[in-house]
Each structure stands twice: as structure tokens, then as C-alpha cells.
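Asker: Sequence:
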Amino acid sequence: MLLLQVQQITKHFGADLILSNIKLELHNRDRTALVGRNGAGKSTLLKIIAGELSHDSGQIVKPKDVSIGYLSQHTGLESELTIWEEMLSVFDDVREMEQNLRSIEQKMSDPSNYEQKGAYEKLLSEYDRLQETFKEIGGYQYESDIRSVLHGFRFFEEDYNTNISTLSGGQKTRLALAKLLLTKPDLLILDEPTNHLDIESMAWLEKYLQNYPGALLLVSHDRYFLDQIVTQVYELSRNEISIFHGNYSKYLEQKAQAYERDMKLFEKQQGEIAKMQDFIQRNLARASTTKRAQSRRRQLERMNIMDRPAGDEKSASFSFTIEKQTGNDVLSVVDGAVGYDGEPLAANIDLSISRGDSIALVGPNGIGKSTLLKTIIEKLPILSGEIKYGSNVQIGYYDQEQADLSSNKTVLQELWDHYPMTNERDIRTVLGNFLFSGDDVLKVVSSLSGGEKARLALAILMLQKANLLILDEPTNHLDLDSKEVLENSLVDYPGTILFVSHDRYFINRIATKVVELSGEGTVEYLGDYDYFVEKKTEIAELEKLAQEKELEKSKTASKSVDKNSYAQDKELQKLERKRKRRLTEIEELVEQLELELAEKEELLCQPDVYEDHEQSLAIHLEVEKIKEEIDQLMEEWTELSEVLDS
Numbered sequence: 001m002l003l004l005q006v007q008q009i010t011k012h013f014g015a016d017l018i019l020s021n022i023k024l025e026l027h028n029r030d031r032t033a034l035v036g037r038n039g040a041g042k043s044t045l046l047k048i049i050a051g052e053l054s055h056d057s058g059q060i061v062k063p064k065d066v067s068i069g070y071l072s073q074h075t076g077l078e079s080e081l082t083i084w085e086e087m088l089s090v091f092d093d094v095r096e097m098e099q100n101l102r103s104i105e106q107k108m109s110d111p112s113n114y115e116q117k118g119a120y121e122k123l124l125s126e127y128d129r130l131q132e133t134f135k136e137i138g139g140y141q142y143e144s145d146i147r148s149v150l151h152g153f154r155f156f157e158e159d160y161n162t163n164i165s166t167l168s169g170g171q172k173t174r175l176a177l178a179k180l181l182l183t184k185p186d187l188l189i190l191d192e193p194t195n196h197l198d199i200e201s202m203a204w205l206e207k208y209l210q211n212y213p214g215a216l217l218l219v220s221h222d223r224y225f226l227d228q229i230v231t232q233v234y235e236l237s238r239n240e241i242s243i244f245h246g247n248y249s250k251y252l253e254q255k256a257q258a259y260e261r262d263m264k265l266f267e268k269q270q271g272e273i274a275k276m277q278d279f280i281q282r283n284l285a286r287a288s289t290t291k292r293a294q295s296r297r298r299q300l301e302r303m304n305i306m307d308r309p310a311g312d313e314k315s316a317s318f319s320f321t322i323e324k325q326t327g328n329d330v331l332s333v334v335d336g337a338v339g340y341d342g343e344p345l346a347a348n349i350d351l352s353i354s355r356g357d358s359i360a361l362v363g364p365n366g367i368g369k370s371t372l373l374k375t376i377i378e379k380l381p382i383l384s385g386e387i388k389y390g391s392n393v394q395i396g397y398y399d400q401e402q403a404d405l406s407s408n409k410t411v412l413q414e415l416w417d418h419y420p421m422t423n424e425r426d427i428r429t430v431l432g433n434f435l436f437s438g439d440d441v442l443k444v445v446s447s448l449s450g451g452e453k454a455r456l457a458l459a460i461l462m463l464q465k466a467n468l469l470i471l472d473e474p475t476n477h478l479d480l481d482s483k484e485v486l487e488n489s490l491v492d493y494p495g496t497i498l499f500v501s502h503d504r505y506f507i508n509r510i511a512t513k514v515v516e517l518s519g520e521g522t523v524e525y526l527g528d529y530d531y532f533v534e535k536k537t538e539i540a541e542l543e544k545l546a547q548e549k550e551l552e553k554s555k556t557a558s559k560s561v562d563k564n565s566y567a568q569d570k571e572l573q574k575l576e577r578k579r580k581r582r583l584t585e586i587e588e589l590v591e592q593l594e595l596e597l598a599e600k601e602e603l604l605c606q607p608d609v610y611e612d613h614e615q616s617l618a619i620h621l622e623v624e625k626i627k628e629e630i631d632q633l634m635e636e637w638t639e640l641s642e643v644l645d646s
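Residue numbering for the sequence shown is 1 to 646, as defined by the UniProt record's numbering.
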């Protein structure tokens with residue numbers, strides 16, 4: 001089923017062309033990624049599709065009954081309600097229907113409704129219709145759905161009564177996404193949904209979106225996330241759009257193959273053109289060959305000449321170097337505790353960094369990863385324990401929030417003030433390598449976008465030539481191409497790296513070790529992210545096996561003790577057999593009562609019965625009595641079953 005068509009959409013901001021003749025189609029169950037450089041117009045196109053932004057020309061076609069849910073990358077849920085109340089508000093119509101069902105049940109139990117001709121039948125018909133609709137819209141599971149989604153985003157039962165207005169920006173963003181997922185629109189449009197999610201939440205979101213019943217349109221800079229979910233990719237480049245089938249990795253392969261193919265065709269045509277031009281030039285003036293030359297010229301004029309394949313847009317270009325190497329022991333934290341104002345956020349921290357290590361620090365949001373990094377660079381005091389620094393250690397720090405990049409200086413002045421002994425030409429060259437060219441170097445730092453600030457921070461870091469890089473979410477705000485350049489530069493870096501990242505693809509490429517920070521402290525894993533996940537799964541399985549063995553052991557011990565109480569054991573067995581017999585009796589009784597109930601309910605549907613109100617009322621009372629007996633028996637059956645199971 002076609003959900004939406006984007007036809008020839010064009011958009012300008014002032015005189016700048018952002019989108020040109022954009023075409024896009026989305027069908028039910030499509031899993032679509034929209035990719036492109038920062039500033040290519042991805043968020044603009046999403047807002048146009050969601051109806052939040054106008055366009056200059058073209059049209060968007062969709063059926064009237066198709067619902068669209070949109071979450072922008074900077075959206076936070078603003079509400080004075082508690083978390084649970086806000087999530088419940090998604091199901092106001094379901095809860096209203098639930099109240100209607102309860103109301104009809106009350107009326108059906110009122111004997112006076114049997115005295116009015118047709119009143120009971122009308123109530124029964126309305127009840128059946130409402131109950132069926134209630135079931136179809138998830139009326140029996142909406143609270144379970146809320147709990148599942150909140151748990152996925154790391155909100156637990158003890159958080160449900162928290163007022164949303166007291167939460168952090170990241171928590172509000174996660175709740176906005178949670179609320180949108182609960183609405184289950186036909187088309188779900190998400191702009192950078194993995195922002196503010198830790199690795200566990202991202203893994204949960206991947207599974208949720210893989211099974212989402214509607215269509216998805218995603219913008220994300222997380223390649224691991226895109227590879228797990230999408231089946232087609234639209235690329236925005238130079239104001240235009242192209243489609244590729246497959247996940248993000250397949251898109252990269254297809255794009256490279258298409259460029260290579262187009263370049264070969266272009267070069268072949270250029271060779272043919274050169275030969276034709278040479279023939280025309282040599283033979284046009286000669287009487288014997290002038291007609292052939294004129295024919296070739298006409299052929300050349302009619303030829304559809306290919307443009308040179310554009311290839312990729314200009315990428316940032318940089319590498320990290322060091323002035324001098326450290327000793328073998330770079331840094332260690334011994335039984336450390338970190339936090340704010342004397343209050344520990346994380347404790348039992350043991351960390352050992354050797355020369356050449358590239359260590360990923362992972363753990364849930366709020367556990368203290370960034371706090372630990374700030375403690376290591378001495379922005380915060382360590383609360384307990386000790387940090388030891390090796391010889392010749394020079395630390396370069398990258399802050400995920402670029403907190404220091406908020407001045408009213410120009411980009412050129414900002415970088416030059418950090419390195420005043422470097423000449424202007426070299427400063428401009430470095431800025432050019434980080435895609436600040438022409439008038440871009442005169443932009444005011446405080447007005448830069450997140451991606452531009454990230455590139456400027458990396459330029460400052462590169463010129464520092466530190467031998468220990470401490471990076472806090474270095475891939476935030478970078479487009480996919482800039483991420484790849486950063487990865488390559490860090491892979492070739494001759495120093496030592498300690499970094500925090502939620503980008504699993506980035507961790508896999510860079511990390512030689514993974515250190516997990518949790519409430520119990522730190523655990524080190526020798527390998528990349530995939531190895532870390534594999535070992536965690538293996539450890540969980542071993543713990544489960546150990547628990548099962550312990551349970552089996554305790555059962556065996558219990559049996560050996562019971563040998564000394566033979567009489568008691570016989571009595572227990574006798575009681576167990578008695579309970580089992582009673583279970584069978586109850587099951588037979590319930591079966592007989594259910595047959596009797598079906599007969600009575602069938603009688604109520606016969607015209608000669610429901611038209612006789614006295615008889616109808618009598619049968620209805622019998623029905624209620626049978627139901628009550630069944631309920632009592634089932635309650636007894638449940639209690640007996642639980643006793644036998646235990």
C-alpha cells in the first residue's frame with residue numbers, strides 16, 4: 001500500500017536552493033533511511049513531509065486516513081504531568097471505551113432493563129460491538145505496552161510518578177520518542193532518534209523498529225543502527241535525491257560501484273569525442289574527406305554528452321600526530337570514586353592504560369562516564385582513590401558539548417588564539433581541511449551549528465599534538481562522512497586513546513579494549529564492541545547455568561534430608577494426590593458448567609425467550625449464578641495449581 005508520495009518538491013531559504021525536484025515514495029512496511037552531509041537538507045525535507053514546513057513547488061500526496069508521527073532531533077516532552085499520566089494520555093480514547101464497557105455491564109446487570117422490550121438485546125449488541133473494537137485497538141494490553149516502552153528507554157516503575165518538568169533535556173527527549181512510539185502512526189518519521197540513548201536503549205529501539213507494523217523514515221548518523229533496520233536509502237546530495245536498495249553498507253557499495261561505472265562510461269565517451277574532434281580537424285579542409293568530416297561534426301552535435309560524475313562532495317581531511325611518545329604506563333586509576341560536591345556518582349573504579357591502547361568506556365547514561373573523564377583531566381577533583389600519570393603524558397580533551405566554544409570570536413580568531421605562534425596561512429590551511437573555507441572562517445563561533453563546532457573542536461585538538469587523547473562522544477554532530485575521516489585518523493594515530501561513545505560501529509573500528517562502568521565499578525574486556533557483547537552474553541549464560549546447578553544441588557540436598565522423614569514424605573505424597581484429584585474434579589465440573597452456560601446463553605438468543613421478560617430474567621439470573629460458580633472453582637483451581645507447582 002502506497003502511504004506517501006513526494007512529487008517534485010523544491011525549497012529555498014532566501015536565495016539559497018536547499019531542495020530541487022525531490023521525488024520520494026513510501027509504502028507500508030518500508031524501512032527507509034535519508035542520508036547526506038550536514039546541511040544537505042535532510043531535516044528540512046522531513047519537516048516538509050510532516051507538514052511542519054512549507055515548500056516552494058511540488059506536492060505531497062497521501063491518503064486521508066494515513067497518520068504520520070514525527071520527532072525532530074531537538075524535541076523534548078514538555079508537560080506538567082507525571083511520566084505515567086503523560087503516557088496514559090495517548091490512550092484516552094481506549095480508556096473512554098473501557099469506561100463505556102463498564103457502564104454497559106452495569107446496565108446489563110440491572111433487572112429493569114429486561115422489562116423494556118428490546119432493551120437488553122440492544123445493550124448486548126452494543127456491548128459485543130464495543131468489546132470487539134476494544135480488543136482490536138489493544139484495549140487489553142495498553143498498560144503493558146506503556147511499561148514495555150518505558151523500560152526500553154530506561155524508565156522504571158519507581159520513576160512513573162516523577163513530574164516530567166523536573167527531568168533533564170535528554171530524559172525529556174527519550175520520553176517524547178516513547179510517547180510517539182505508543183501512538184503507532186502509519187508512517188513514523190524520526191530525526192536522529194538515537195541521540196541521548198545509551199547502548200542498551202539503542203539495542204532495544206532497533207528490535208522495536210524492526211517489528212514496527214507501519215513504515216519508517218529515519219535520519220541517523222549511527223551506521224550500526226541503520227544497518228540493523230533499513231532496507232532502502234535515499235541520498236540527498238547537491239540539492240538532489242537518489243535511491244539505493246539495501247541497508248547503509250549496501251548503499252555505500254552501490255554508490256562506489258555506480259561512480260566507477262559512470263566514470264568508465266564518461267572516460268570512454270570522452271575518448272570517442274576526442275577521436276571525432278581530431279578527425280574533423282584533420283579532414284574538414286580536404287575536399288576528398290570534407291563530407292565525412294561534416295558528417296562526424298553533425299554526429300558530434302547530436303551526441304548526448306555526459307557530465308563528469310560528481311563523486312563525493314569535499315570531505316574534511318586531517319590526521320592526529322604527537323610531539324613525543326609517553327612511557328609504557330600512561331595512566332592508572334586505583335579504587336577511584338568520582339562525582340560532584342562530595343557525592344559519589346561512580347566508585348570502585350580501576351583503570352590501567354598502557355601506551356598504544358585505544359579504550360572505549362561504556363555504560364548506561366548517568367553512570368558517570370563523562371564525570372570520570374573530567375576527573376582524569378583534572379576539571380573535577382577525585383573523591384577517593386588515586387590517579388597516576390605516566391612520564392611525558394600530554395592530554396588532549398574533546399568535550400561532547402563543546403562547552404568552551406561559545407565566544408563571539410570568528411572561527412579564524414578562535415583557532416589562532418589557541419595557537420598564536422602559527423602563521424595565518426597555516427591556520428587557514430587547517431581550517432580548510434576541516435571544511436571552513438572562504439567566508440566560513442569569518443563566522444562567529446557562538447552561531448555555529450553542532451557539526452561546525454565539532455569540526456572546529458577537532459581542529460584545535462589536532463594542532464595540540466597530544467599523546468593521550470580523551471574523547472567524550474567525538475562522533476556526536478558529525479555527519480557519516482566526517483565520522484569515517486575521524487575513524488581513519490584515529491586508527492593511524494600513534495598515541496593512546498580513552499573515549500566514550502554510543503556509536504557501536506565507531507567502537508568496533510577504534511577500540512582495542514572495552515571498559516564497562518556500572519554501579520559495581522569497572523570491568524575490562526580485551527576486544528572491540530562485538531567481543532564485549534559476546535562475552536557479556538557468555539557470562540550471563542554461565543551465571544544462569546550456575547544458578548540452575550545451585551538449584552539442582554539444593555533439591556538434591558533436600559531429598560537427602562527427606563529420607564530421614566519417611567512418614568512425613570508419605571503424608572505429603574498423599575496430600576499431593578488428593579490435591580491432584582481435586583484439580584481433575586474441578587476441571588470436570590467447570591466443563592459441565594460451561595456446557596450448561598452455553599445452553600442458557602443460546603436460550604437467551606431465541607425470540608420466544610427474550611420476548612418473555614420474566615423467563616428471560618430468570619435465565620439471566622441462572623447465567624450469572626453459573627458464572628459465579630465457575631469463577632469460584634477457577635479460583636480454587638489456581639490456588640491448588642500454585643501449591644502443586646511450588
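The set of hints was computed from the structure by calculation and includes no laboratory data. No experiment lies behind these values; they were computed from the predicted model shown. Treat the hints with caution; some may be incorrect.
Stated by the list, open to error - Cross-link-like lysine-lysine pairs, in silico, DSBU-like; alpha carbons within 30 angstroms at most:
#1 K135 to K625
#2 K250 to K47
#3 K535 to K250
#4 K264 to K250
#5 K324 to K264
#6 K388 to K264
#7 K250 to K62
#8 K535 to K578
Asker: Next step is simple, just say for each hint if it's right about the structure.
Answerer: A quick look at each hint next to the structure:
1. K135 to K625: Measuring from Cα to Cα gives roughly 26 angstroms; hence the hint holds.
2. K250 to K47: With a Cα-Cα distance of about 27 angstroms, the restraint between K250 and K47 holds, given a limit of 30 angstroms.
3. K535 to K250: Distance ~28 angstroms between K535 and K250 Cα, so the pair holds.
4. K264 to K250: Judged against 30 angstroms, a Cα distance of about 21 angstroms means the pair holds.
5. K324 to K264: Roughly 46 angstroms separates the two Cα atoms, so the pair is violated.
6. K388 to K264: This hinted pair is violated, its Cα atoms lying about 58 angstroms apart.
7. K250 to K62: 29 angstroms, holds
8. K535 to K578: Distance ~48 angstroms between K535 and K578 Cα, so the pair is violated.
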